[in-house]
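Chains as they are written, first to last, in the working numbering: chain A, 12 to 365; chain B, 12 to 365; chain C, 12 to 365; chain D, 12 to 365; chain E, 12 to 365.
Just to be clear, a hint being listed does not mean it is correct.
Note: identical chains are not told apart, hence a pair may lie in one copy or across any two.
[As the list claims (entries may be wrong)] Within a straight-line C-alpha distance of at most 30 Å, the following computed DSS-like cross-link-like pairs (lysine-lysine) qualify:
| id | residue 1 | residue 2 |
| --- | --- | --- |
| 1 | 205 | 170 |
| 2 | 201 | 137 |
| 3 | 360 | 224 |
| 4 | 56 | 36 |
| 5 | 205 | 361 |
| 6 | 205 | 360 |
| 7 | 360 | 260 |
| 8 | 177 | 205 |
| 9 | 360 | 251 |
| 10 | 237 | 36 |
| 11 | 172 | 361 |
| 12 | 361 | 224 |
| 13 | 132 | 172 |
| 14 | 306 | 361 |
| 15 | 112 | 237 |
| 16 | 132 | 205 |
| 17 | 36 | 172 |
| 18 | 37 | 201 |
| 19 | 68 | 363 |
| 20 | 205 | 363 |
Hints were generated in silico from the structure; no laboratory data involved.
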Amino acid sequence: MLKFIKKTTKKIGQSPGTITHVGEKKVERVTLQVIDYDLSRFEEKEVQTVEDCFPLKESSSISWINVNGLNEVHIIEKLGTHFEVHPLVLEDIAHTGQRPKLEDFENYVFVVLRMLSFCEKSQELKSEQVSFILGNNFVISFQETEGDVFNSVRERIRKAKGRIRKMGADYLLYALIDAVVDAYFIILEKIGEKIEVLEERLMNNPSQDILQKIHSMRGETIFLRKSVWPLREVITNLEKGEPDLVSEKTSIYFRDVHDHTVQIIETIETCRDLVAGLHDLYLTAISNRMNEVMKVLTIIATIFIPLTFIAGIYGMNFKYMPELEWKWSYPLVWGIIILVGGAMIAYFKKKKWL
Amino acid sequence: MLKFIKKTTKKIGQSPGTITHVGEKKVERVTLQVIDYDLSRFEEKEVQTVEDCFPLKESSSISWINVNGLNEVHIIEKLGTHFEVHPLVLEDIAHTGQRPKLEDFENYVFVVLRMLSFCEKSQELKSEQVSFILGNNFVISFQETEGDVFNSVRERIRKAKGRIRKMGADYLLYALIDAVVDAYFIILEKIGEKIEVLEERLMNNPSQDILQKIHSMRGETIFLRKSVWPLREVITNLEKGEPDLVSEKTSIYFRDVHDHTVQIIETIETCRDLVAGLHDLYLTAISNRMNEVMKVLTIIATIFIPLTFIAGIYGMNFKYMPELEWKWSYPLVWGIIILVGGAMIAYFKKKKWL
Amino acid sequence: MLKFIKKTTKKIGQSPGTITHVGEKKVERVTLQVIDYDLSRFEEKEVQTVEDCFPLKESSSISWINVNGLNEVHIIEKLGTHFEVHPLVLEDIAHTGQRPKLEDFENYVFVVLRMLSFCEKSQELKSEQVSFILGNNFVISFQETEGDVFNSVRERIRKAKGRIRKMGADYLLYALIDAVVDAYFIILEKIGEKIEVLEERLMNNPSQDILQKIHSMRGETIFLRKSVWPLREVITNLEKGEPDLVSEKTSIYFRDVHDHTVQIIETIETCRDLVAGLHDLYLTAISNRMNEVMKVLTIIATIFIPLTFIAGIYGMNFKYMPELEWKWSYPLVWGIIILVGGAMIAYFKKKKWL
Amino acid sequence: MLKFIKKTTKKIGQSPGTITHVGEKKVERVTLQVIDYDLSRFEEKEVQTVEDCFPLKESSSISWINVNGLNEVHIIEKLGTHFEVHPLVLEDIAHTGQRPKLEDFENYVFVVLRMLSFCEKSQELKSEQVSFILGNNFVISFQETEGDVFNSVRERIRKAKGRIRKMGADYLLYALIDAVVDAYFIILEKIGEKIEVLEERLMNNPSQDILQKIHSMRGETIFLRKSVWPLREVITNLEKGEPDLVSEKTSIYFRDVHDHTVQIIETIETCRDLVAGLHDLYLTAISNRMNEVMKVLTIIATIFIPLTFIAGIYGMNFKYMPELEWKWSYPLVWGIIILVGGAMIAYFKKKKWL
Amino acid sequence: MLKFIKKTTKKIGQSPGTITHVGEKKVERVTLQVIDYDLSRFEEKEVQTVEDCFPLKESSSISWINVNGLNEVHIIEKLGTHFEVHPLVLEDIAHTGQRPKLEDFENYVFVVLRMLSFCEKSQELKSEQVSFILGNNFVISFQETEGDVFNSVRERIRKAKGRIRKMGADYLLYALIDAVVDAYFIILEKIGEKIEVLEERLMNNPSQDILQKIHSMRGETIFLRKSVWPLREVITNLEKGEPDLVSEKTSIYFRDVHDHTVQIIETIETCRDLVAGLHDLYLTAISNRMNEVMKVLTIIATIFIPLTFIAGIYGMNFKYMPELEWKWSYPLVWGIIILVGGAMIAYFKKKKWL
């Protein structure tokens with residue numbers, strides 16, 4: 012659970028604006044992908060050095076520079092300096108573990124988001140930081156690893172599907188953010204499925220390891236919530252078209268993303284309620300089971316303890332015990348035993364314990 | 012419970028504004044019903060093709076086009092294009108699972124609601140998406156299936172009952188939304204009855220399956236709440252007459268709907284409290300029952316264990332045990348047994364365990 | 012508990028503005044009482060027909076028309092039409108179960124409140140709807156039954172006590188609302204007493220029926236809260252003198268009512284906390300009692316089970332058991348039994364279980 | 012706990028502005044103390060009749076009239092009438108049980124506070140209403156009993172310590188309110204000590220009476236909270252210098268009181284959390300203890316029940332039981348008994364139950 | 012836990028503006044360190060008397076006066092008087108236990124923070140008050156003890172690292188506050204580690220002392236929360252550049268601190284949730300363990316109680332018991348015993364209790 016509390020000790024005491032990569036090193040080498048397009052033209056390439064991207068700043072077409080990997084900070088620094096980005100912003104890009112935020116500068120907008128993915132192998136949530144710099148005619152995106160979440164956007168640019176080639180860099184930013192937000196729905200479905208599976212298993216056999224699973228589900232929803240709540244604020248700002256770089260025409264599209272975010276938040280809250288409900292259900296199942304165990308003990312003990320007492324009586328060795336001599340005592344005792352036992356069982360039946 | 016988390020994976024990666032039907036296919040063929048009326052005239056017909064509705068856009072009378080079924084998206088698309096509706100809106104209409112919202116465009120207003128119904132057969136809540144496009148002189152409504160909730164409105168138009176024929180399209184929208192909101196009261200009554208039944212059964216016999224029912228009631232109230240909360244915001248906007256298309260005269264009527272919505276929300280919150288109370292009651296009933304079981308065990312065991320010990324003593328085979336030879340030992344032992352047993356019972360009576 | 016969810020099915024599907032009485036029929040015949048007064052003059056009468064009230068609309072003195080009973084809607088309708096009240100308002104008056112609200116129209120103010128009373132016989136809260144129409148020089152009040160809550164106001168008008176005869180219709184409205192709000196304090200005291208009684212009984216003997224009482228107390232506080240929360244908003248509006256018909260001079264008096272309302276709300280919240288505390292106390296008392304039962308079982312069982320074992324050993328029939336032949340074995344065994352038993356008791360004393 | 016719900020039935024039905032003392036009669040005779048001072052002069056006296064205070068209204072020096080006791084309402088009335096105080100305000104002064112509030116009139120400010128003290132004898136919180144009327148050059152304070160909380164202020168005036176003699180009546184009000192608020196800290200310390208004592212006792216021996224203490228602590232924090240929350244609002248208004256009678260120079264001092272109030276509120280919230288934590292701890296301690304009891308029972312019972320069975324076997328009286336005749340059977344059975352018993356103990360040791 | 016409720020009784024009754032040291036005496040002698048710098052020059056010295064600092068007020072370079080220790084109030088008083096600080100501010104500086112706040116005066120800004128450190132030896136959180144006075148060209152900082160948290164700032168000034176030497180006193184304040192806030196992350200990591208350790212131990216062996224640890228962790232998070240929440244408000248004010256002394260250029264840096272504060276608050280909330288989760292887990296683990304104990308008892312008792320009864324039957328001494336004479340009775344009884352015991356075990360296996 013500790014992973015929720017990001018280690019940042021490494022940075023403490025450094026002068027602000029010092030760009031240091033804080034976080035796991037997830038890729039071997041940082042790569043840069045460039046897509047440059049306008050309504051009529053389209054070009055896609057993997058560039059070798061940062062300097063190759065520099066001319067894009069002045070070009071009239073829309074450029075999308077995608078940086079995969081944050082561990083070579085000098086690349087971020089060079090790129091940032093050329094595109095006139097504030098050192099504190101570059102610091103935030105390299106320092107993973109930022110909470111989602113939007114910062115509006117004079118000639119660019121800085122957006123940080125958390126991208127979530129579900130690792131099928133470890134059945135765990137994975138979280139990655141994605142940052143965007145939106146300029147007048149370019150978007151720079153920074154990812155920790157090369158992901159496939161932006162592939163649909165690439166595809167739409169390539170095939171000129173929908174409006175993407177007709178609109179500006181702000182629409183590109185919208186498309187990218189929309190792709191990140193859409194990925195949350197997949198996570199929510201996974202969690203929904205896990206809750207359903209747990210619920211079913213709980214009804215059948217509430218074992219110890221389910222408790223552990225519920226506990227970790229709880230941690231996951233807390234984590235998700237922490238990632239998505241600030242996202243809402245970011246999108247609200249974009250929807251209202253607060254940054255000058257986001258045109259009114261595009262802000263309608265952000266309204267759509269906003270609706271999705273609100274829906275995601277509500278679903279997470281529902282999940283939290285459901286997980287809390289599961290925990291209550293588990294506790295009740297446990298105490299029901301305990302009840303059942305106790306009932307069996309009570310029934311067996313309360314039936315046989317009095318009977319054993321009766322047997323004990325006639326096991327006494329007194330010289331003068333008239334019953335011992337009688338011919339029909341033994342069957343009589345058996346009769347009493349069956350009677351007493353039967354009466355007990357009838358009582359329990361009446362009490363609905365049997 | 013998974014149904015609360017709508018599957019939307021189908022859509023992910025598509026270009027925004029692509030109209031795809033997401034949701035169950037609930038009707039075989041999409042049908043269109045048209046009612047066209049003004050103060051003096053009234054006409055009702057089922058049209059065959061979308062194109063038949065097109066002239067209504069320009070007519071001076073009030074027109075209500077009701078679309079039953081969302082699975083033939085080309086109908087929605089044609090209709091939407093003719094009535095100049097934004098592609099993102101058409102996408103929302105076809106994509107069920109939207110949260111209630113109001114979007115105000117220049118020449119039309121878009122409203123999405125959730126219509127709830129209670130299926131008597133499966134004893135389950137059913138939820139359906141209803142969308143409205145309010146234009147200057149028309150209302151287009153989209154339902155997933157043909158329902159009977161709008162029948163009372165149709166009846167009022169036919170018989171010119173109340174104000175409906177005297178007022179504009181905004182009043183028609185009010186009448187339709189009012190019909191949807193009124194249906195919530197029926198749901199609430201059903202839930203109220205279910206709570207009452209559960210409460211009574213709980214007092215008599217807290218069985219395992221009641222727990223499951225309480226658990227699913229809880230899920231239902233969470234679901235209801237999620238459906239109604241955003242509704243409030245929608246109605247508030249209409250009540251304030253924010254969209255230009257809603258006249259001040261009509262906004263007084265929306266104030267009435269607003270009151271209903273607030274009442275519904277409060278009743279849902281009360282239901283939530285009551286269901287939570289039921290769960291607590293269940294737990295307490297369980298632990299009370301456990302207590303009772305334990306008491307029986309304790310009483311039987313504590314009475315007979317000492318008595319069995321006494322019998323055990325005189326079952327020993329020592330050669331030199333003077334009591335064994337005495338003439339009155341056996342009745343004496345019986346006396347002791349009765350005394351000890353009686354004392355125990357008196358003690359329990361005093362403790363109020365019996 | 013179902014009563015909290017008002018049945019309204021009767022109304023659904025009706026055209027808005029249709030006046031239908033929804034609620035219990037509480038009086039046989041609707042009666043109208045009129046009090047007409049100014050600084051110097053005072054007249055009180057019971058009128059036979061609605062038409063008798065009509066002249067009061069134009070009179071220069073202050074008139075108070077009190078309508079007892081809502082089941083003859085034609086009376087409400089006639090009165091409302093003459094005094095130019097909006098049909099939706101009349102609908103609300105007849106349709107009991109409204110939440111408290113204030114609606115400000117051009118030439119009159121409409122206020123709905125809930126009047127609570129405590130039925131000594133059934134020991135239950137009763138709730139009634141009271142509506143007021145404040146005009147320029149008149150107040151019309153609508154009650155479900157003839158109550159005695161307004162008697163003190165009548166008395167003050169009759170005897171010209173305090174300011175009431177010197178001030179306008181708005182002050183009369185204040186006096187009436189104040190009377191309704193004051194009645195809440197009596198309810199709160201009743202509830203306070205019930206809580207105190209429950210608390211005392213809980214400490215002495217936490218029986219099953221107390222649980223039921225706590226549960227129904229909980230329902231009552233939920234219900235009270237639902238009635239009073241919207242009241243606050245109503246009074247705030249009056250206090251701020253928002254409606255034009257409430258003069259600044261009178262709004263100071265509404266500030267006083269506002270203070271009372273806030274005090275009532277805080278007391279209800281305190282009651283909720285106390286009732287929740289009672290439930291916790293009950294649970295703890297139950298588990299304490301369980302504990303005590305378990306301790307008795309444990310002590311008896313753990314003392315006698317080992318002793319019975321010892322007795323059992325010497326009840327064995329082996330041919331070669333040297334101890335059986337010894338002269339002092341029997342007293343020795345008794346010695347061991349007393350020793351073991353005593354050690355056990357000492358152990359429990361040390362553990363503070365005895 | 013009922014005391015939290017103030018009895019006010021006495022007042023209901025009275026005309027507003029009627030001054031009636033509601034509350035306990037805490038002093039035999041109402042006394043009036045007057046302190047009159049300016050930078051150079053200082054006079055302190057106990058006056059006999061209200062009329063003696065009347066000249067102070069016009070004097071140019073600062074006057075502080077302290078009224079001890081509220082049961083002689085005619086004194087409040089006379090004083091109030093002379094100083095032109097609104098009848099509703101006088102009603103509030105006499106009617107104890109007001110929630111803290113500030114009312115700003117044209118030529119005076121009315122402040123009501125709750126003064127708390129801790130009664131060492133009954134170990135209970137006591138609450139008293141204190142009201143202040145701040146005029147241009149006077150402060151009138153009303154207390155239920157003669158307290159010592161204002162002594163430090165008197166001392167400062169007498170000895171001309173600090174700024175008090177140099178500043179106006181508003182600063183005097185500040186000094187008095189500050190004295191009242193400072194007294195809360197003493198209460199909080201008492202409560203803190205009580206929590207600490209309870210916590211320690213809980214760790215050592217969670218007995219039944221601790222539960223009762225926790226329960227009453229809970230009531231106390233609820234009560235404290237109710238007293239202090241509205242206080243914050245009062246002080247905020249004074250801090251902002253909203254009433255004209257509070258000069259900007261003095262409002263800086265109220266900022267200090269505001270800080271204290273916020274600190275008190277936070278500490279109360281912390282106390283609430285701690286008390287809630289204590290209750291949880293109690294419950295867990297109880298269930299831990301139960302666990303321990305159960306373990307002892309289980310260990311004793313599970314060890315001896317099988318052994319008793321073995322003894323029982325050889326207590327049977329069958330004619331043909333070969334073991335009975337064997338020479339070493341008896342020691343052998345002892346061997347088996349020791350073996351089985353030892354194995355059980357080993358098992359429990361492994362399970363960490365011993 | 013009492014330490015959270017600061018003792019302030021010492022101060023009560025004093026005239027406001029009286030500077031008294033309230034809190035532990037943490038250093039023997041108060042020391043003053045002065046750093047004076049501008050872009051080109053840098054001087055660092057430990058001054059002997061307060062008067063040595065006085066010239067710095069007029070110097071054109073940036074001066075940082077750091078006061079270690081608060082117990083010699085005359086030093087604070089002299090310094091404060093020379094730098095024209097309001098007496099109430101000086102009182103707050105000396106009176107530890109203030110909640111974080113910012114007060115903006117005409118020619119200086121006063122900031123109070125809480126500095127937290129984690130004492131490795133006692134494994135406890137320690138809290139210290141730090142105050143700052145920001146003037147036009149100076150910052151005065153007051154610490155309770157000499158700490159090492161400002162060393163990184165000193166280092167940066169000495170080595171002219173980053174922007175610090177190029178910017179004004181407001182940037183120095185930023186650097187100092189940033190250092191304090193950064194230290195919170197270390198605390199959070201410690202707490203995160205402790206939670207992880209507890210969680211692991213809980214899964215393996217939920218012992219009594221873990222409960223105590225969870226309880227004290229809970230207290231720690233409550234305490235942390237209380238320290239950090241008001242901090243947010245302070246930073247927000249600085250970020251918005253509200254005080255005139257904070258330039259717009261520096262307020263961007265405060266935005267960075269603001270992000271950190273929000274992140275810290277969210278992490279604390281997460282910690283609270285996690286600790287609450289731990290408590291629930293503990294309770295469930297306890298009740299699971301109880302369950303297990305009960306199961307063993309039930310199994311042993313229910314198997315052997317009936318068997319003992321069978322043995323008891325044939326221990327009876329009746330004269331006429333035909334079975335006793337039979338040759339194969341004894342083995343037959345053994346057969347029955349094994350059969351009954353086996354059936355029991357099979358039943359438990361089926362119920363999954365074994």
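Status of each hint after checking the structure:
{"no.": "1", "hint": "205 - 170", "result": "neither (37 Å within a copy, 53 Å between copies)"}
{"no.": "2", "hint": "201 - 137", "result": "both (13 Å within a copy, 23 Å between copies)"}
{"no.": "3", "hint": "360 - 224", "result": "between (38 Å within a copy, 25 Å between copies)"}
{"no.": "4", "hint": "56 - 36", "result": "within (25 Å within a copy, 43 Å between copies)"}
{"no.": "5", "hint": "205 - 361", "result": "between (41 Å within a copy, 28 Å between copies)"}
{"no.": "6", "hint": "205 - 360", "result": "between (40 Å within a copy, 29 Å between copies)"}
{"no.": "7", "hint": "360 - 260", "result": "neither (74 Å within a copy, 69 Å between copies)"}
{"no.": "8", "hint": "177 - 205", "result": "neither (42 Å within a copy, 55 Å between copies)"}
{"no.": "9", "hint": "360 - 251", "result": "neither (69 Å within a copy, 64 Å between copies)"}
{"no.": "10", "hint": "237 - 36", "result": "within (23 Å within a copy, 36 Å between copies)"}
{"no.": "11", "hint": "172 - 361", "result": "neither (73 Å within a copy, 61 Å between copies)"}
{"no.": "12", "hint": "361 - 224", "result": "between (40 Å within a copy, 25 Å between copies)"}
{"no.": "13", "hint": "132 - 172", "result": "neither (34 Å within a copy, 46 Å between copies)"}
{"no.": "14", "hint": "306 - 361", "result": "both (14 Å within a copy, 17 Å between copies)"}
{"no.": "15", "hint": "112 - 237", "result": "both (13 Å within a copy, 25 Å between copies)"}
{"no.": "16", "hint": "132 - 205", "result": "both (15 Å within a copy, 28 Å between copies)"}
{"no.": "17", "hint": "36 - 172", "result": "between (35 Å within a copy, 27 Å between copies)"}
{"no.": "18", "hint": "37 - 201", "result": "both (24 Å within a copy, 26 Å between copies)"}
{"no.": "19", "hint": "68 - 363", "result": "neither (81 Å within a copy, 70 Å between copies)"}
{"no.": "20", "hint": "205 - 363", "result": "between (36 Å within a copy, 25 Å between copies)"}
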